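Take a look at the letters that make up each chain.
Protein chains: 4
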Amino acid sequence: MNRKLKMGMIGGGQGAFIGGVHRIAAQLDGLIELHCGAFSSNPENSKITAKSLFLEDHKAYDTFEEMIIQESQLPEGEKMDFVSIVTPNFAHFKPALMALEYGFHVVIDKPITLTLEEAKQLHKKVKETGLLLCLTHTYAGYPMVEQAKHLIEQGKLGQIRKIIVEYPQGWLSSAINNKQANWRTDSSKSGISGCMGDIGTHAAHLAEYISGLEITKICADINIVVPNRELDDDGNVLLKFNNGANGVLIASQIAAGEENALSIRVYGELGGLEWHQMEPNSLILKWSDAPSQVYRTGMPYNCEKSKLNSRTPAGHPEGYIEAFANIYRNFSVSLNNYLDYPNNERVNNFPSIEEGLRGMAFIENVIASGKSSEKWYNFKI
Amino acid sequence: MNRKLKMGMIGGGQGAFIGGVHRIAAQLDGLIELHCGAFSSNPENSKITAKSLFLEDHKAYDTFEEMIIQESQLPEGEKMDFVSIVTPNFAHFKPALMALEYGFHVVIDKPITLTLEEAKQLHKKVKETGLLLCLTHTYAGYPMVEQAKHLIEQGKLGQIRKIIVEYPQGWLSSAINNKQANWRTDSSKSGISGCMGDIGTHAAHLAEYISGLEITKICADINIVVPNRELDDDGNVLLKFNNGANGVLIASQIAAGEENALSIRVYGELGGLEWHQMEPNSLILKWSDAPSQVYRTGMPYNCEKSKLNSRTPAGHPEGYIEAFANIYRNFSVSLNNYLDYPNNERVNNFPSIEEGLRGMAFIENVIASGKSSEKWYNFKI
Amino acid sequence: MNRKLKMGMIGGGQGAFIGGVHRIAAQLDGLIELHCGAFSSNPENSKITAKSLFLEDHKAYDTFEEMIIQESQLPEGEKMDFVSIVTPNFAHFKPALMALEYGFHVVIDKPITLTLEEAKQLHKKVKETGLLLCLTHTYAGYPMVEQAKHLIEQGKLGQIRKIIVEYPQGWLSSAINNKQANWRTDSSKSGISGCMGDIGTHAAHLAEYISGLEITKICADINIVVPNRELDDDGNVLLKFNNGANGVLIASQIAAGEENALSIRVYGELGGLEWHQMEPNSLILKWSDAPSQVYRTGMPYNCEKSKLNSRTPAGHPEGYIEAFANIYRNFSVSLNNYLDYPNNERVNNFPSIEEGLRGMAFIENVIASGKSSEKWYNFKI
Amino acid sequence: MNRKLKMGMIGGGQGAFIGGVHRIAAQLDGLIELHCGAFSSNPENSKITAKSLFLEDHKAYDTFEEMIIQESQLPEGEKMDFVSIVTPNFAHFKPALMALEYGFHVVIDKPITLTLEEAKQLHKKVKETGLLLCLTHTYAGYPMVEQAKHLIEQGKLGQIRKIIVEYPQGWLSSAINNKQANWRTDSSKSGISGCMGDIGTHAAHLAEYISGLEITKICADINIVVPNRELDDDGNVLLKFNNGANGVLIASQIAAGEENALSIRVYGELGGLEWHQMEPNSLILKWSDAPSQVYRTGMPYNCEKSKLNSRTPAGHPEGYIEAFANIYRNFSVSLNNYLDYPNNERVNNFPSIEEGLRGMAFIENVIASGKSSEKWYNFKI
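Residue numbers (our numbering), protein chains in the order written: chain A, 63 to 443; chain B, 63 to 443; chain C, 63 to 443; chain D, 63 to 443.
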């Protein structure tokens with residue numbers, strides 16, 4: 063049975079950025095509706111937010127604890143089905159754990175928690191409860207990312223030899239002072255890393271997701287470029303993967319003039335591929351002995367997962383919001399399946415707790431490597 | 063007061079394409095909700111569609127007449143606020159006219175009607191009723207289109223001298239047989255033109271919208287390239303504008319290999335600009351004596367209207383669906399204003415009946431010019 | 063036998079532009095040497111030019127007549143093998159005719175003469191003498207132009223249906239006053255056309271060369287945009303080809319901000335191709351049902367003619383000068399063959415008198431069409 | 063006085079690649095002529111090469127020693143002015159040293175010698191003799207590289223913070239067997255490094271040349287990817303510069319599908335720049351708070367050095383051969399100055415012995431770092 067799923071949001075009050083994106087993304091396909099929220103640690107803000115979202119007053123809770131408890135007491139069909147946690151990193155773990163304990167499924171922004179240790183506890187809880195947890199690694203939601211993954215799985219590039227993944231941004235090139243900047247550069251809100259936690263994790267995830275490989279060793283140069291900043295705002299990392307491939311990961315928030323230029327190049331024995339988040343509907347394939355090719359979102363020759371993640375015919379550009387919506391759409395399909403057949407084995411079509419664990423491990427390993435005078439640091443969870 | 067507006071949809075049943083896009087676009091910002099629908103001329107399809115959209119059964123009407131009449135009898139706050147008409151061209155006029163007569167505002171896909179004569183009648187009705195009519199010329203919803211318009215208005219290019227607007231598609235390169243193709247190549251559904259009506263109108267609108275000029279003369283080469291097709295699938299048109307500028311409009315559905323490659327170039331005394339719908343977040347400015355520039359969606363230096371039409375920071379690509387949603391969002395703001403202050407003068411921030419009239423005039427003029435052996439045909443409404 | 067061929071240049075003195083390009087291009091492959099010159103109508107300039115080019119004084123002639131006569135009296139092996147005529151249009155015909163009469167082969171810049179009538183006389187003379195005449199339609203010398211022509215000849219695109227060729231420049235956007243601008247906007251130097259003669263001819267040649275088709279009808283909008291200019295500086299032309307294909311040719315010198323943006327798109331039943339002179343080493347192939355492809359200069363998969371026109375491995379960009387040099391190199395190969403086997407039938411691998419005739423016909427037809435109120439003008443020679 | 067300079071070539075016989083490029087580049091501007099050569103270690107090949115180049119037989123020498131000695135005994139004005147050494151790396155040092163000892167200036171391909179030690183000896187000899195030595199770091203010859211350097215020198219980007227330089231090629235992705243591949247993968251011909259010596263040196267030079275900075279520390283991951291290869295074919299290097307900036311250098315010959323994709327990005331406090339060798343006529347400037355800009359070869363706004371390195375108006379693409387020719391042209395200007403005023407202080411406008419030394423140091427340091435388990439290796443000469 064296909065239900066319209068009910069979402070309870072934690073975070074995303076007035077002044078937040080990513081919360082609004084989550085709301086658009088979640089509701090885009092008409093499969094999920096915003097049901098309630100604890101939108102802010104400030105109850106007043108939560109109320110105002112709810113009102114601006116056309117929620118009834120009693121659906122704006124003062125705290126996430128209140129929301130989880132009260133919703134859990136409502137009858138089936140009237141309570142929320144899952145929570146969506148869109149707070150800064152430090153406020154992920156507790157609501158996620160509590161939601162699972164009260165039987166609610168969880169959608170959560172990345173990085174999954176403040177520390178690897180929290181991620182491990184959350185992992186344990188997810189396994190215990192059997193509930194769904196969806197980690198919104200947005201960039202995995204692009205149709206051409208699926209197509210890239212598919213072509214590599216099919217062996218089109220041969221054995222993978224080299225991966226270059228980059229995430230240059232320029233918005234923290236100077237010492238700015240605003241809500242988005244402040245929490246991301248504050249260890250009590252963000253954890254031990256700034257740049258690597260915020261965007262390095264996206265890059266690492268993308269490299270592993272597309273290639274199907276795992277990072278096994280890293281050698282990190284982690285930098286604080288803007289004076290008086292507490293956390294890293296830049297870094298370059300040499301990588302080794304579990305099949306012997308080498309790689310480079312570059313993430314920066316001080317690459318002045320760059321917007322959000324996540325990109326990846328993967329080279330195999332037979333050819334290479336290239337994808338740029340800012341022109342996400344093209345996937346370039348390069349061959350040693352044939353003309354290069356450009357695969358395009360929405361074309362019939364794409365793989366099934368790629369086509370599922372596309373809503374319009376080729377040439378109607380699909381962007382960041384649609385990619386985000388794909389994560390929610392795929393989650394909603396799985397959740398409907400779960401509700402119908404709670405005991406079936408599940409195959410997630412979205413990033414989940416395992417990716418969350420690896421992301422936190424990436425943060426801890428890359429910061430440790432940055433401090434080490436040893437060249438190669440073994441990636442461990 | 064900000065209300066969540068209630069939309070009644072006409073068309074957009076199972077198997078349709080653009081209806082689904084309208085639903086996503088209308089609801090994307092959480093300002094509009096799907097309230098009811100007459101989704102198909104087949105009542106069964108309408109019911110199934112409603113169910114798949116989580117509407118209650120009684121909100122699926124068998125016919126648009128039934129929907130308009132019954133909704134009009136509901137109390138304020140329980141009835142729909144406006145209709146959205148997403149049927150093929152031949153089924154635009156009657157529901158639009160009836161909706162206006164019953165006091166409902168109207169959103170309508172382009173081209174506005176089957177004939178210029180219908181458009182004139184509709185124009186009269188809109189003026190009589192004072193109700194809002196929004197024509198979804200999607201491409202006008204892109205942030206960089208607003209920025210282009212703004213830069214030209216500011217005189218950055220100087221006097222405009224030349225406009226090249228193109229809309230090549232390849233999907234009708236062979237004699238395909240499917241729902242989308244069939245009605246677009248059938249004069250009883252589409253009107254007197256295929257290609258020029260379907261996409262030439264977008265190109266003509268874009269040229270006039272960005273430049274602020276009006277086409278005054280045309281010289282059209284209108285072609286049926288694929289054998290046995292009833293309506294034009296290709297055309298090239300020389301243009302003259304009311305300030306003396308010249309131009310070219312190319313529209314084709316048989317440009318094999320092209321997706322949806324609407325683009326425009328405008329040249330003035332001082333420089334030129336270039337925009338491509340398939341990479342919509344970049345606007346290229348070229349100068350005679352300075353480095354060319356690339357304006358980007360979401361950057362703070364853009365004009366207010368451009369920034370209003372953008373939801374995410376620069377580098378998070380916004381696409382076709384967001385552009386479409388901007389049309390609905392701007393309509394919903396105007397409609398809320400109307401509901402609060404019905405007697406105020408209105409400044410529409412969306413394409414309306416005037417653009418609809420000019421679009422129908424474009425179709426009739428361009429087809430007439432195509433048949434004429436005179437070189438220049440005076441554009442008349 | 064491979065000889066180093068001796069070139070006598072007519073025109074190209076101090077202050078000229080294209081003469082210097084001809085000298086570089088002619089000598090680039092070491093197959094041709096500058097032997098003598100009548101570089102200017104001003105004998106002093108001719109002497110200074112010769113000196114700057116390290117020619118001995120007696121190799122700088124005061125007039126082309128003197129050069130042709132005196133060189134013709136030198137023994138074999140000491141006299142020039144061919145003349146290269148790089149003067150403005152009005153000074154092409156007389157030296158070309160005289161050179162042929164004295165038994166010298168001819169390289170000549172385009173457009174070949176001032177009038178179609180002159181071109182016809184020159185055609186007659188070339189046929190009478192059996193000597194070689196090479197017209198430097200530079201853009202035909204690019205490797206990817208040959209590859210495009212080859213793919214169309216092979217039928218990869220199927221029947222050709224539509225051609226869009228453009229040549230926007232912006233350098234005459236205002237009323238500038240310099241040597242290059244002055245003669246090109248003066249009918250006594252340039253002939254009856256400015257823009258169409260200077261660059262429209264390149265565009266028309268490229269369209270016919272790549273497609274293998276011939277223009278049969280035109281409908282031209284010819285404009286003088288900058289006030290007080292004598293000759294056209296802009297134009298848009300509808301085209302019909304001898305296989306029924308339609309097309310558009312746009313040429314402008316007032317497209318402010320454009321550099322030298324010659325480009326062509328050709329659409330057939332099965333796909334389309336696209337080439338841009340400013341990024342000349344890529345040739346884009348677009349397919350209805352497969353990923354688009356990018357062919358690249360210097361790759362082994364290219365056709366033989368394309369590979370012949372390339373000097374370096376792929377990724378070492380080859381530009382305008384190399385394209386120009388290809389014309390001369392191909393001419394020098396043919397001329398060496400001629401000198402060895404003067405009675406053999408010849409297959410020119412370079413543009414020649416026929417292309418020159420068509421170019422002049424294009425100019426006369428397009429200007430006549432521009433003045434006509436008839437829509438379609440039959441292209442005639 | 064401007065002389066046409068006489069070049070004696072060492073290497074570049076039948077079957078070689080880069081020798082032919084040197085000949086075209088050297089002679090392109092008509093300022094240098096090929097005077098003699100010892101084109102091959104095989105005297106027969108040398109004779110055949112000379113004949114194909116239209117040299118008289120006695121100008122083909124059997125050995126470089128013979129050429130240097132015999133030419134040195136010719137009267138002024140009849141002997142060569144300089145040698146151009148275009149042999150594989152192992153055969154650079156001896157002819158360069160001998161040429162200098164006999165009073166000939168030297169042009170030499172990079173890397174300058176087989177070992178750093180040889181480079182130091184050559185450096186000493188250059189200083190002793192005061193003769194000119196020009197190292198053909200081709201990529202420094204591009205107009206937009208000069209423009210990039212100029213903009214950074216002018217402080218447009220502010221303090222430089224990060225440099226990413228890459229040189230991916232794919233031609234050695236499999237174990238191919240041909241003349242070009244064989245010597246480059248053989249330590250007796252190439253020295254201790256394959257990829258880093260052949261192309262890593264270009265990347266390192268470009269980074270230092272454009273930025274005006276010096277590499278001070280490196281952390282290298284040096285790889286042999288194709289089995290049974292003797293020398294590195296791939297590597298990733300973390301960099302630190304003398305102003306504290308960080309960087310990444312990636313060079314690979316196994317990036318399958320890549321042609322010759324040298325590129326650089328430099329980020330400063332205020333903005334970033336980006337240049338790609340395969341589209342060399344565009345230089346992208348990105349700003350934090352203004353539209354990005356594209357500087358183009360040949361435009362009047364460029365700096366003097368950039369304009370000097372350009373031969374045609376903007377939009378006539380200039381490529382690899384022109385960049386190469388710029389090195390020779392700048393060398394020929396300096397050499398003419400030297401010949402006129404041998405005692406003047408000289409300011410080289412081309413890469414010279416210092417760049418040669420740093421290049422060899424780069425090779426030795428990067429290979430040593432690759433073998434070290436220490437993270438940071440101090441760059442030393």
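Source of the hints: derived by calculation from the structure; they are not laboratory data. There could be a bad hint or two in this list.
Identical copies go unnamed one by one, so any copy, or any two together, can satisfy a pair.
No more than 30 angstroms apart at the CA atoms, straight line, and that leaves these computed lysine-lysine pairs for DSSO-like [unchecked claim]: (1) K369 to K187; (2) K109 to K189; (3) K241 to K369; (4) K369 to K218; (5) K189 to K113; (6) K113 to K442.
Computed from a predicted structure; not experimentally measured.
Please list, smallest to largest, the hint numbers that this structure does not respect.
1, 2, 5 and 6
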